[in-house]
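> Listed below, chain by chain, are the residues.
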Amino acid sequence: METKNSVKFKIENMDFHYGDFQALKNINLEIKENEITALIGPSGCGKSTFLRSLNRMNDLIENTKVDGSITLDGVDIYKDYDVIDLRLRVGMVFQKPNPFPMSIYDNIAYGPRLNGIRKKSVLDKIVEKSLRAAAIWDEVKDDLKKNALALSGGQQQRICIARTLAVEPEVILMDEPTSALDPIATLKIEDLINELKKDYTIVIVTHNMQQAGRISDKTAFFLMGELIEFSETDKLFSNPENKKTEDYITGRFG
Amino acid sequence: MTKTTVPESHRTHKYIDPEKAHQRVKKRVMINNIAHVLFFLTIVFAMAVLCVLIFNIIKDSIGWLDWKFITGKLSIKPEKAGIKGVIMGSALLMAVVAPVTLFVGVATAIYMEEYSKKGAIHALININIANLAGVPSVIFGLLGLTVFGRLFGLGSSILAGGLTLSLLVLPNVVVASQEAIKAVPNSLREASYGLGATKWTTVRKVVLPGALPGIMTGSILALSRAIGETAPLVVLGIPTLIMKIPTGVMDDFTALPIQIYYWTLDTVLTKEYANLAAATIVVLLGTLFVLNSAAIIIRNKFQRRY
Amino acid sequence: MRDTLDAKIKVLSNTLVEMCTKVEENIEKSLKALVTQNAELAQEVIDFDGEINAYETSIEMSCVNLIATQTPLAVDLRRVFSIIKIVTDLERIGDHCVNISKVVLTLGACDLNGALEEISSMGDMVKRMVKHSIKSFVEESVDLAELTAKEDDIVDQSYEALYRNLLKQIKKDISNENQIIGLLLVGRYLERMADHSTNICERLIYLETGKNVKY
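Protein chains in written order, with the working numbering: chain A, 1 to 254; chain B, 1 to 306; chain C, 1 to 215.
In short, the hints are calculated from the structure, not lab data. Nothing here was measured: the structure is a model prediction, and the numbers come from that model. Wrong hints could be hidden among the right ones.
[To be verified] DMTMM-like, lysine to aspartate or glutamate: derived pairs with alpha carbons at most 25 Å apart:
1. K32/C / E139/C
2. K10/A / D106/A
3. K235/A / D76/C
4. K198/A / E168/A
5. K10/C / E35/A
6. K10/A / D76/A
7. K243/A / E60/C
8. K118/B / D67/A
9. K8/C / D217/A
10. K182/B / E62/A
11. K25/A / D80/A
12. K205/B / E35/A
13. K79/A / E190/B
14. K117/B / D67/A
15. K199/B / D217/A
16. K118/B / D20/A
17. K205/B / D85/A
[As the list claims (entries may be wrong)] The calculated label-pair distances, taken between Cβ atoms and stated as ranges, are:
18. G19/A / V75/C: 51 to 59 Å
19. V75/C / I297/B: 55 to 63 Å
20. H207/A / T12/B: 31 to 39 Å
21. Q43/C / E246/A: 38 to 46 Å
22. E246/A / Y115/B: 44 to 52 Å
23. T12/B / D182/A: 33 to 41 Å
24. G116/A / I127/B: 41 to 49 Å
[Stated by the list, open to error] Far from chain A by the CB rule (all over 12 Å, computed), these chain C residues:
25. Q37
26. A39
27. D49
28. T106
29. A115
30. E117
31. D153
32. K211
Every residue, glycine too, gets a C-beta built ideally from N, C-alpha and C.
Please build the complete structure, drawing on both the sequences and the hints.
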């Protein structure tokens, strides 16, 4: 089932430090276009740190250092990118649904407005398109002026996904996007992620191994800051190569 | 509590002896009741003192507090005296304090929370701001006298008084704003950055709107403290009796607490001054009541939106 | 919801039907080879078995991956589990076709027309059972499954009759014993095929009702 998609992110010999603590050790990984890549591993294994390195969200934390290289379409994102340009291409969805305390419309229009789009007709189009793509248009189209915080958790998360889509990124990073949601809302988001795969490259961190299995094409298993195994999800879940991976996914870890 | 007998075989407690525990229950219930009564008495005491105070003041002000009193000019003769000038003085004072504290206080809080590096220096400054809030107001009066009154040559004008009071309440506004900014969930900032926003855009569009209710509450409470302060103004050397009603910030002035202070002092000369002081106190209390109510309403209305 | 799981199970069912068609073809061919004494066709059946085995392996792998990644539960789990079992049955039916073809190769020309007719009618019955059992599975029809499973008794009776008939013949003329034993084996193989079809029907009934029944 080897796919022929082109490489989007290429990570080579990457190290990551929080002060003196080395959170990631010599990571080498390729993330391909229009695929869902899942990052799994126990808490503190570095998977979230890795994810947040891909749009330089870790820049916000003081005292961090990245070594090695991460390239997006061949361009080094730490050396040859302005961080804001990067974030327009690599969007992010967070663990807890975090809509801004404003109307649904303003939430979606936030990103486009930052980029200078002022015309109401254009904004209207972007808002509708993004909400449709996030499979929530039908549920909210009649009250776009409603405060986004009045929606349910699952709806809020889809609003957040729509908000990310509104700046037209190529890659979407998701940091445990369903960990705060109930099973039904979770499955809805999973279906949505599957749908989004056609147009976007998706990297998702999840604590829920079944979720990684359900939605991803490739899975990377992290442990203590190291990338232990990276392969097709089918393979990793039915016949992993590394003993540590086997122990983790069978629940015999530690 | 009735004693229940549990068959030996059904006893589930390994370490606790239900017999003994039962004996202790009575004692524990009694201690609880004593505590309850004690706490109730303290609040009765506090309320009683407050009631006596307010009762006395209102009693003294009856017959003196009327529309003529509020709109009239100051006078040596008690029956002719009015506090229009005093109210104007306090109002103009607040017109200086409010914008200055709000701007400087919020700007400081934003810098401290959003821009500065969180290291040892940051912590040191934070502790100092908190300590400043506890410095006696007289000290601020001396600072105001030296810096605004003498150095800047503002004398005992409203501007000098307002700036001095601003310094006095700034720490409160800074701390309240810092808390309000901290209460804005980090996930919202991350969402904004994630969409390609800069720090300033994030502060302006996400952090400040979220922190506004907290900032407003803190600022109003600070204002209500400023409006009741006497000591710094006394130190600045506010004249005892001003007949002229102030119209600008460079005018000399007197304010509600100051006038209360002087009238109370002069009660030995003219007995009726006590009634004038009482009437002025009622006006000041009314203002404080309105301000504090506004703060509480804002706080409740916008509480916990995330 | 669960679009991926549904899609994957659909693909799995389709592959199963494909495999079933191949198996049916082989049954058809092996019987034809027997009746027409066509060694070439028999060899074709034997060669084709590799493909059927490949289907088995591939479907099994898909099922394992599906269980590993999609965590199917309740009806989904029963379905995947049933598919794994059905594939084994189908593969065994395929093996029996090979066995029949091997008999054809060793049989040489023979003249036992009466028995051949019986065998070929029995073969038709088995072929229909295999087809119907898979049809019942695909269409999730418990009725068809029950009906098909009951046909096994008729096949068993036919086998019984064939057995007696051939025994009689061997008593009459000992010189044909090789052929007769060969045909006995063929009958036995067909009877086994019918048993496997019955298993498939039982799987469907388990899938739909959660009950394990035995016919």
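> Next, verify each hint and record whether it holds.
Consistency of the hints with the structure:
1. Taken as a hint, the K32/C and E139/C pair is broken in the structure, with Cα atoms around 29 Å apart against an allowance of 25 Å.
2. For a cut-off of 25 Å, the pair hint linking K10/A to D106/A is broken: about 35 Å separates their Cα positions.
3. Between K235/A and D76/C the CA atoms are separated by roughly 21 Å; this keeps the pair inside 25 Å, and the hint holds.
4. For the given pair, K198/A sits about 14 Å from E168/A by alpha-carbon distance, which is consistent with the 25 Å threshold.
5. Our distance criterion of 25 Å between C-alpha atoms is met by K10/C and E35/A, whose separation comes to about 22 Å.
6. The straight-line distance between the Cα atoms of K10/A and D76/A is roughly 9 Å, inside the 25 Å bound, and the hint therefore holds.
7. Only pairs whose Cα atoms come within 25 Å are accepted, and K243/A paired with E60/C is accepted, the gap being roughly 24 Å.
8. Restraint check for K118/B and D67/A: the C-alpha separation of about 24 Å stays at or below 25 Å, so the hint holds.
9. Restraint check for K8/C and D217/A: the C-alpha separation of about 14 Å stays at or below 25 Å, so the hint holds.
10. Proximity of K182/B to E62/A is assessed by CA-CA distance (about 17 Å); at most 25 Å being required, the pair is judged to hold.
11. Restraint check for K25/A and D80/A: satisfied, since their Cα atoms lie roughly 23 Å apart, inside the 25 Å limit.
12. Proximity of K205/B to E35/A is assessed by CA-CA distance (about 34 Å); at most 25 Å being required, the pair is judged violated.
13. A distance of roughly 22 Å separates the Cα atoms of K79/A and E190/B; the hinted pair therefore holds under the 25 Å criterion.
14. Only pairs whose Cα atoms come within 25 Å are accepted, and K117/B paired with D67/A is accepted, the gap being roughly 23 Å.
15. Taking the CA atoms of K199/B and D217/A, the gap is about 36 Å. The hint is violated against a cut of 25 Å.
16. With a C-alpha separation of about 17 Å, the suggested pairing of K118/B with D20/A holds against the 25 Å cut-off.
17. Between K205/B and D85/A the CA atoms are separated by roughly 20 Å; this keeps the pair inside 25 Å, and the hint holds.
18. For G19/A and V75/C, the hinted distance range of 51 to 59 Å is satisfied, since their beta carbons lie about 52 Å from each other.
19. Hint check: V75/C to I297/B, Cβ distance near 57 Å, so the stated range 55 to 63 Å holds.
20. At about 38 Å, the beta-carbon gap between H207/A and T12/B stays in the expected band of 31 to 39 Å.
21. Taking 38 to 46 Å as the suggested C-beta distance range, the pair Q43/C and E246/A conforms, at roughly 44 Å.
22. One distance hint, 44 to 52 Å for the beta-carbon pair E246/A and Y115/B, holds here, with the actual separation near 48 Å.
23. At about 37 Å, the CB distance of T12/B to D182/A agrees with the hint of 33 to 41 Å.
24. Taken as a hint, the range 41 to 49 Å holds for the pair G116/A and I127/B, whose Cβ atoms sit roughly 43 Å apart.
25. Against chain A, the non-interface label of Q37/C holds: every CB pair exceeds 12 Å, the least being about 45 Å.
26. Against chain A, the non-interface label of A39/C holds: every CB pair exceeds 12 Å, the least being about 41 Å.
27. Look at D49/C: its CB is around 26 Å from the nearest CB on chain A, clear of 12 Å, so calling it non-interface holds up.
28. Distance check on T106/C: its Cβ is at least 42 Å (rounded) from any Cβ of chain A, clearing the 12 Å threshold; non-interface status holds.
29. Against the 12 Å criterion, A115/C stays outside the reach of chain A, whose nearest CB is about 48 Å from its own CB.
30. The non-interface label for E117/C is consistent with chain A: the shortest C-beta to C-beta separation is roughly 49 Å, beyond 12 Å.
31. Distance check for D153/C against chain A: the nearest CB is about 40 Å away, which clears 12 Å, and the non-interface claim stands.
32. Distance to chain A confirms K211/C as a non-interface residue, since its nearest Cβ pair spans about 28 Å, more than 12 Å.
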